[in-house]
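Undergrad: What follows is the residue order along each chain.
2 protein chains.
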Amino acid sequence: MSVIGKPVLYSYWRSSCSWRVRIALNLKEIPYDIKPISLIKAGGEQHCNEFREINPMEQVPALYIDGHTLVESLNIMHYLEETRPQRPLMPQDVIKRAKVREICEVIASGIQPLQNLIVLIYVGEEKKKEWAQHWINRGFHAVEKLLSTSAGKYCVGDEISIADCCLIPQVFNARRFHVDLRPFPTILRIDRELENHPAFRAAHPSNQPDCPPEATK
Amino acid sequence: MSVIGKPVLYSYWRSSCSWRVRIALNLKEIPYDIKPISLIKAGGEQHCNEFREINPMEQVPALYIDGHTLVESLNIMHYLEETRPQRPLMPQDVIKRAKVREICEVIASGIQPLQNLIVLIYVGEEKKKEWAQHWINRGFHAVEKLLSTSAGKYCVGDEISIADCCLIPQVFNARRFHVDLRPFPTILRIDRELENHPAFRAAHPSNQPDCPPEATK
Numbered sequence: 001m002s003v004i005g006k007p008v009l010y011s012y013w014r015s016s017c018s019w020r021v022r023i024a025l026n027l028k029e030i031p032y033d034i035k036p037i038s039l040i041k042a043g044g045e046q047h048c049n050e051f052r053e054i055n056p057m058e059q060v061p062a063l064y065i066d067g068h069t070l071v072e073s074l075n076i077m078h079y080l081e082e083t084r085p086q087r088p089l090m091p092q093d094v095i096k097r098a099k100v101r102e103i104c105e106v107i108a109s110g111i112q113p114l115q116n117l118i119v120l121i122y123v124g125e126e127k128k129k130e131w132a133q134h135w136i137n138r139g140f141h142a143v144e145k146l147l148s149t150s151a152g153k154y155c156v157g158d159e160i161s162i163a164d165c166c167l168i169p170q171v172f173n174a175r176r177f178h179v180d181l182r183p184f185p186t187i188l189r190i191d192r193e194l195e196n197h198p199a200f201r202a203a204h205p206s207n208q209p210d211c212p213p214e215a216t217k
Numbered sequence: 001m002s003v004i005g006k007p008v009l010y011s012y013w014r015s016s017c018s019w020r021v022r023i024a025l026n027l028k029e030i031p032y033d034i035k036p037i038s039l040i041k042a043g044g045e046q047h048c049n050e051f052r053e054i055n056p057m058e059q060v061p062a063l064y065i066d067g068h069t070l071v072e073s074l075n076i077m078h079y080l081e082e083t084r085p086q087r088p089l090m091p092q093d094v095i096k097r098a099k100v101r102e103i104c105e106v107i108a109s110g111i112q113p114l115q116n117l118i119v120l121i122y123v124g125e126e127k128k129k130e131w132a133q134h135w136i137n138r139g140f141h142a143v144e145k146l147l148s149t150s151a152g153k154y155c156v157g158d159e160i161s162i163a164d165c166c167l168i169p170q171v172f173n174a175r176r177f178h179v180d181l182r183p184f185p186t187i188l189r190i191d192r193e194l195e196n197h198p199a200f201r202a203a204h205p206s207n208q209p210d211c212p213p214e215a216t217k
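Chains E and X, in that order, give the protein sequences.
Taking full-length UniProt numbering, the leading residue of the first sequence gets 1, the next gets one more, and so forth.
Taking full-length UniProt numbering, the leading residue of the second sequence gets 1, the next gets one more, and so forth.
Source of the hints: derived by calculation from the structure; they are not laboratory data.
Remember, it's a predicted structure, so these values are computed and weren't measured experimentally.
Backbone N, C-alpha and C define an ideal beta-carbon position, used for all residues, glycine too.
Watch out, some of these pointers could steer you wrong.
What the hints assert, rightly or not - Here are the simulated distance ranges between beta carbons: (1) E53(E) / V94(X): 21 to 27 angstroms; (2) E126(E) / E193(X): 44 to 50 angstroms; (3) K6(E) / N207(X): 49 to 55 angstroms.
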């Protein structure tokens, strides 16, 4: 495959979907540059005409790679897996692959879209915390149940997969919204297992070039 | 592979996510039985203890196949593709595959979860129509833009893919919420192209065993 320059990730430090892709790139040891897109500056740089050409959904992440710009975090991770199979992030076994995708979809379709910044703005300041807690709680109950049969050391067995790339950023979001995580012991155990993994650590919001200094205190 | 009986699809006639899987099963000519789960009877059969064991997210579809129960419609379609590659629903080319997944994810993460029955109940009767229209409009603008470079006869080129399995049910939902579809000519063209395709027709809500007679009028 002809590779046209280093991949460029359009990312925002606190975006959980950008974070998923940062973890996957780090785990696969793919060098990349970050182009920060501020979701809050001037009403959101993701809404400017230039970025709308990159992602018509006006959200991060987007990844420029192999001469193409890809959007949607799960899609990007699967593309990386299909084109860079080294350090695999998907199991070989078809049932285990299904288990990985189930956890990913519950988070990516069942939780994250409902506590996304743009939805919370629409819900309004007064109700947003309770709204976010409600959907994270509901989704985490399902994830915890799925993990009860799939998890080993990580979400599915003892190998890190894209399910873990989705879970860890969602746990961070849950804490931001003060969700009580005690009912989810398996989620908490996997989060502890991965919090100091170098690929996860380097992808953490607090280690991003666009993280404001006051947020790291 | 040992196949344990005929697959059983837990489905609700009007659920767009069940509909996606019905189309995929039909296109691949996989015989299956339907077990209807009423999302409205007695507060929703998906919330009963028996079904919560099948899908902890308490939603349809779920597919019992090959001795396992799988949940999440995109996951199920990819599982079918991986285990029954005949009549493929994914292109071979990695960029085209990414285009298919982008359209699927915009619909499955960016539109459907926000106009899901359970979310609309939470939003409330008074605001639900405007809420659903808002998110469908936003997502369809992005889908139309993605289709402008990917579409041939169908969503990606001239072969039917899982992107089409996601798009057609979402168009139906858009009409239910009286979304003005005139700004989306490519979406409308693909919808017209597929409305009379036998696999899509057989999967239509009005052709389901649990469709109430008054809804087919």
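Undergrad: Next step is simple, just say for each hint if it's right about the structure.
TA: Going down the list of hints, with the structure as the test:
no.	hint	verdict
1	E53(E) / V94(X): 21 to 27 angstroms	holds (22 angstroms)
2	E126(E) / E193(X): 44 to 50 angstroms	holds (45 angstroms)
3	K6(E) / N207(X): 49 to 55 angstroms	holds (51 angstroms)
Checked against the numbered hints above, the structure violates none of them.
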